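A.B. asks: Got two chains here, separate frames each, mind docking them using the hints?
So you can see what is in the structure, the chains are spelled out below.
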Amino acid sequence: MKRTFRIGSARPDVERDVRDEIHAHLEMEAEALVAGGMSETEAREEARRRFGDASRHEAMTRREASRLQRRVRWTDRGDALLQDLRYAFRRMGKSPGFSAVALLSLALGIGANTAIFSIVNTILRGGVPMRAPEELVEIYTSEANQGYPYSVSSVPDLMDLRERTDLFTGVGGYEAFISRYETDDATHPVTGELVTHDLSAVLGIQPALGRFFLPEEGRTVGTHPVVVLGHSFWQSRFGGDPSVLERSVRLGGTLFTVVGVAPRELQSFTAPGFAMDAWAPYQMAGALSFDGDGYEFDSRGSQSVFIRARVLPGVTLDEVRGALAAMSAQHQAAYPEAWKGKEFNVLPTTEVSIHPMVDGPLKGVAALVFSVAALVLLIACVNLAGFLLARASERRKEIALRLALGARRSALVRQLLVETLLLGFLGGAAGLLVARWVLGVLVTFQPPIPFPLNLEFGLDGTVLLFTGLVSAGAGLLFGMIPALQSTNPDLAPTLKDEAGSVTGSRKRITLKNALLVTQVAVSTLLLLGAGLFLRSLSSAQAMDLGFSARDGAVAWVLVNMVESDPDQAELIIGTLEERALAIPGIERVATAEMLPLGVGLQTTAWVIPGVDPPPGEEFVSIRYNKVSGTYFEVMGIPMVAGRPFSPEDRRESEPVAIVSQAAARRYWPGESPLGKEIRRGRQEAPYRIVGVAGDTKVWTLGEEFQPYIYLARSQTTPAGAQLIARGALSDAQIAGQLRRMIREVDRRLVIMETKTIPEHLSIQLFPPRTAAALLGAFGLLALILATTGLYGAVAFSVSKRTREMGIRMSMGASAGEVVGMVLRGAMGPVVAGALLGWLLSLGLAQVIRGFLYGTSPVDPVTFLGVPALLLGVAVLAAIVPARRASRVNPVEALRSE
Amino acid sequence: MAGDLYTGTLELLILQILKEGAMHGYGILRMIRERTEGVLDVEQGALYPALHRLARKGWITGEWGETETGRRARFYALSHRGRTALVKETTRWNEHARAVYSVLGHAEG
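Chains as they are written, first to last, in this note's numbering: chain W, 1 to 897; chain E, 1 to 109.
Keep in mind that the hints were calculated from the coordinates and are not lab data.
Here the structure is a predicted model, which is why all the values come from computation and not from measurement.
There's no promise every hint is true.
To be verified - Quick list of the computed label-pair ranges, beta carbon to beta carbon:
(1) W:R49 with E:E20: 27 to 33 Å
(2) E:T9 with W:D53: 19 to 25 Å
(3) W:A813 with E:V87: 17 to 23 Å
(4) E:K19 with W:S814: 45 to 51 Å
Think of the CB as a built atom: it goes at the ideal place given N, C-alpha and C, for glycine as much as any other residue.
Extracted from the complex, chain E is given alone in its bound form (with noise of 0.2 Å):
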């Protein structure tokens, strides 16, 4: 594991990659680390009471279905009151990050 993620953090990064579609754990999973180039690399187990937690609050929705393969899984959508927090939630963590770069004394951008 190349670096911890913050609860928030994931929660985020789902958001983000299901509003390009849906898509199961394992395939979120997957997506991060492409993206990230494994910097950031989730320790997988967590990923799973995160993403029942944002289908809780009604941001996400899951659905059983097939893959393509052939398995059974579960298939996460993002729903439209998922789009608005998404909206929200990386404007927040945008801020959050230029507070810490400014704290930790690099320029901003």
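Looking at chain W on its own, in the form it has when it is part of the complex (with noise of 0.2 Å):
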């Protein structure tokens, strides 16, 4: 369109301008009576007889304009804005309801993205703080015949890119650990990160209070206990008493320093979303690690830091990358065993979010509930504009007026645009309270493992501009289709009344329903997930997962880090479990490594006579626990054959072992694998087989039965314990009493967690739980949304066919066949939108088949009952209005118009 401005005419111009101006303003007359039927002739005289004298008028409007001053035009752009800007006030205040449902659903919409984006933005940015990340790269050893590209690098490695002062200006190591800390009355499990002296250096990261590491402590092995302590770890102990830097710590039985406190934003180097307690310096490894003094500082094969280093300034990422590979070539071959098939494998720090291998699913998962978040927006979007579309109709009338008398559509649709602007951001506003008090929920949030999370959603700068673009860019989204429609210059079938007309206008009904069919197809698509993940959470609870113990309780104590020889660490687990089974409701008790469905996975090398290992492999892999005698009782395993173990099984009698009916089956197919011996890894002595068990799940709820070996804790070197008790008291009460009998016999022992076997189960259905519980409430939220737009829209329409509806019911319709009508024409676009989710879910519920136990991905349960149970809630929604209209009474409505 163009359009020439000419704001405050300069003097000569006035002249013209007026006349210019009349002359518009007669042609227009003209051409309305034209239109009326006049000639052209009759009617330019009659627009000038109308107008009166025009030359008398012309010369006082030229006095009168000669007389403006010249104005500045972005005032008149500010003033016509702060305009339009009040209207929209005004007109919001006017219809309080309408308003209040555009605030509410649009602040859960804006306000779930935006939580979703603030956690998104956290954990993917990790957690943190460095100088320059852009210099920063990360260096794994690669083990890709391994099919580990990105796996630690040993010590000696570290050691060995630390002299390349020709690449990096500094190199830093670092890996988790798990100590213990002592107070005076208690112990507690602590985790902690080994770093390289210099590793804040390197990075950039300033301590909160005292310093960092000293050059002297990362030079000699076991000489300086010094430590760095966690923030939140320093404000929950020591209450952020900056005294601290003077007091001392006990961690894994030796007393440290604490020479600093970490920035509140450094959480942990290793695992993003874990507030690590203390840092130490590697040297320190012996008193800090689990295994004692068993820290392998010279070992190439032994394998366990994470390497983080800053390139030197000017040199490339490929020529480092192409430095180290030439390294890695002579690590090959100067330490032909440790390095065989590995190299360096270095990636810029700014691509690596956690870890490369879980970035990708960490994306994904994010993406896709983005996208769920991102769809509910839609629908209410789409609501509104469905609610903006029908009141705009009523307006309809006088916009069109307006545009036939040549007011300007852009004009208009800004008037209409910056109404549903004032609302997105008015519901952004609102959306960020929401999703303040959802972070707020969230943080509180705990997955079912041993270490506290420790979160920090906030609402930072880039929050605040997603939000804002999120808002701004709803308010466009659902202001945008009902604007250009209210003002579509195709005005002929408007001006006609249409409000009274039987047929209305067809194009807008077509828009409306694509709306209506968008939403119900996103209100099924997300209703059926929860459906397939709701139905997979009941099929997983019947699953037989090969044990029976339902009830009862566990505690995981760690014995090694107080008792590092064999015989006295089984000594205290004897006690323990004698303890145990001696208070009042407590059974049975037994003790295993690991329960199955944990979070951890045991394998280890076996030789079997008559099994050919893997090719390329010189050992069996197989899954093995170490468990009490009683362990097959109390879990309410079957022994199939052979018998449990016993107390004669002890360190100094024959090694035996229980095998699983998979491993039977699998390694002695056809005979009985009682009396058999097996050798583990390059072990002397073999292990008899005395029992076979039932199989279990071990791993995943979804997995088939594996092979399985058992072997007797009284004939190994526990490292620590699950003490498994049941009887007549409630699970809670025997994991309180459970962790109160262990610090009686040990203070220091460290209780990892206790838990009931309930909660211990709930870790294989936290994921689908998880799903089920977000898609659920985005479903519901999304049906409700739809639901409420379903019912407006057929209330409008009703509304507006009155008159029809009077026709027709004195032609003789019943009210039943008005209801009927309405109905068809409500549910045709509520039917055809719940095909489409229903046919995207197909499709998508493939995507989600590894989440799902027991339950096929197009679940007739749920791919018949959602559906059924979307069409009834739409029917009610429309069955409401439609009896409204089988009232009409026909004389009336008749009438009306």
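C.D. replies: Here it is in structure tokens:
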């Protein structure tokens, strides 16, 4: 559209301006008269007559106009905008119902998106505040032949890299440790990280208090017990007292001097989302590590270190990669055994969020959750667009008249958009409150794992910017269509007073239906997803796990931190077993190194006579556990053949093993494994198989039964034990009693966690439960929004068709026929939407197949039940206004227009 | 012409109509006719001096533009000052009307 602006005309133009203006007026009037049936000449004459004394008016106008002062265009623009804004505010106040619904649905939609954005933003940004991260690289040791392209490295390799001052200004290393922290009355598990003394300097991290480590603290092994405390550990244990710098803490049995406190933003290098309690120099690994003095500083085969380096200015990533490839080749030649098939693998730190292997799936999940939230916001917008469309058509006559008179469409569109943008931003502001509340709830949320998540989701600048953009986008999205529609210059049907006509505008009905179809499709999609996960949950609960224990409690105790001598460790565990059995209300006690379906999995290498290991490998790798003799009975695992472990199976007696049915079938097909001998790795003494136990699920609910081997705890060196107890007491009481009893036996013992068996079993159900809750909540929200939308649409169309209903009923249509007719009209788009969502779900269900236990991705109950529910709700939403239509009094209806 | 318009009244009507959005002179006229159901029909030419007087006062702003039918026309929009003035003038007009009513012996309202 071409447009000329001449604001505040200069003097010579005034005369022409006024003449043009009056000329335009006369032309328009004449045009209108011609349209009314007058001839062209007559019309011109009549227009002149109506205008009055043209020359006098023109002169007067010129006089006024020439006094007009030049004004600044921007003030005008600002005025116009302000005017639109006030108008918008007023209109909002005039329809409080609509405004409330709009604000509420926008607040929920935008709030959900903001909360999710904040979480994803926090997690993907990682937990470490680093200076100039673009100069940093991650160096992994690739074991491509083992399928680990981004593995950790060995300490000697780290030391070699630290020599490369031709490539790096600094090379830091770090790894996590778990240790115990002793206070006067108890021992607590702590998590921390071993770091090279210069890691903080390489990354550019400043302590909140005190200092990080000195070069001499990174020089000799075991000589400098110094520690930097985590910020939250300092807050919770020392109340944020700065005098902590003069204190010592007992970690792993050694007294460490506190030299500093980490900044609050530094949570963890290795595990974002978890707040580390302490950092110590690598050289103190012996005092802190699980295995006593067993930390291997010199072995290239023992890989545990994450490496992050700052590249020398001027050195490119390709040069670093080239140099490290050459170094890898040298290592392969120099250390043929330890470096077989390995090489350094370099990635820019900015491309890694948590770990290259985790980032992909994490981003996938983030994208999935984001799309769900975005869909709900889309529904909210579509809903509001529908409402606005309905409302706009009430103003249509007025708008049409203004357009016919030549009011610019852009100005009208702007006015309507200012209104929806205002709603968008107010909704966004309310959405921030919703997001803050959601995040507040989420930070208290804990997955069933031993270490507490420490999440901090803030509404920082990035998040606020995101919310602003989403709000504006939403405002434009739901405002644009109605604005363009209602100002459509194709006016012919409108001016003929469409409200009273029988047919109405075909095009607008189609658009409104399209909106409804979208809404219903999205709700169907979300509800079907939620339904699948719910079905999966219930079938998972009914699933045969291979063990029957569903009650009781378990305490996970670490013994090796206190006692590295296996006999002493065994003695302690034995004592714990006895003392647990002595507690009134506890009848059965067992121990295992690991519980099935927990967060860990152990496999070990076996030699089975007559069974070939997989090609290229020396041993057969089989999952195993170290259990007490009572384990099978307490867990409810049937002994299929042979015997369970007995008190006679001691360290000095013949090593024995029990295999699972799946192992028996796989390795000794057609014969009994009882009495057979198997050897563990390169160990000399064979284990004699004394029993065959029933199969259990070990790692996931979805897995097939796998071969499994049980060893007698009393014949091994357990690092710790899961003390399992069942009895007449409630599960929670048992958990409490176990904890108290362990403290009494030896307060140095580290209790990693105590939990009830149901809590333990919930670990596996955590993903489907979370997904079901999330999709269910969003789906329900979507359904409510869509239902309101449907109700509104039907109610509106009924109110517009009163006359039609009147005609039909006066022609003899029954109330039932009228209801049926309205319902048929309303349900068309609903059925189409449900079908569309249904088909989309069929495709998307394949994506979540891996998360569904014992439920088909095309589960008939879900795929029939959800649409039935949805259609039922839709019929209810439509039937209320439809019945109103059937009560129309024909005479009244016909008279009303 | 069904009735005469006092100068102040015409200005008030213009402001009231522009409150709802920008419009050119002919459109304003049509809307006055529409709203008053033809009772108050302005002598059309009188509109333009009034418009330019309002523009000079800074209550409305004029801007050349093109109508949807492609005709060049001067569009007027209410300014911030114009909005304030409208409120004030409306109050004054109501008071005036009330006064006239009571003199004529009609009950108020």
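A.B. asks: The structure should be examined with respect to each hint, and the outcome stated for every one.
C.D. replies: Hint by hint, here is what the structure shows:
no., hint, result
1, W:R49 with E:E20: 27 to 33 Å, "holds (29 Å)"
2, E:T9 with W:D53: 19 to 25 Å, "holds (20 Å)"
3, W:A813 with E:V87: 17 to 23 Å, "violated (52 Å)"
4, E:K19 with W:S814: 45 to 51 Å, "holds (49 Å)"
When held up to the earlier numbered hints, the structure conflicts with hint 3 and nothing else.
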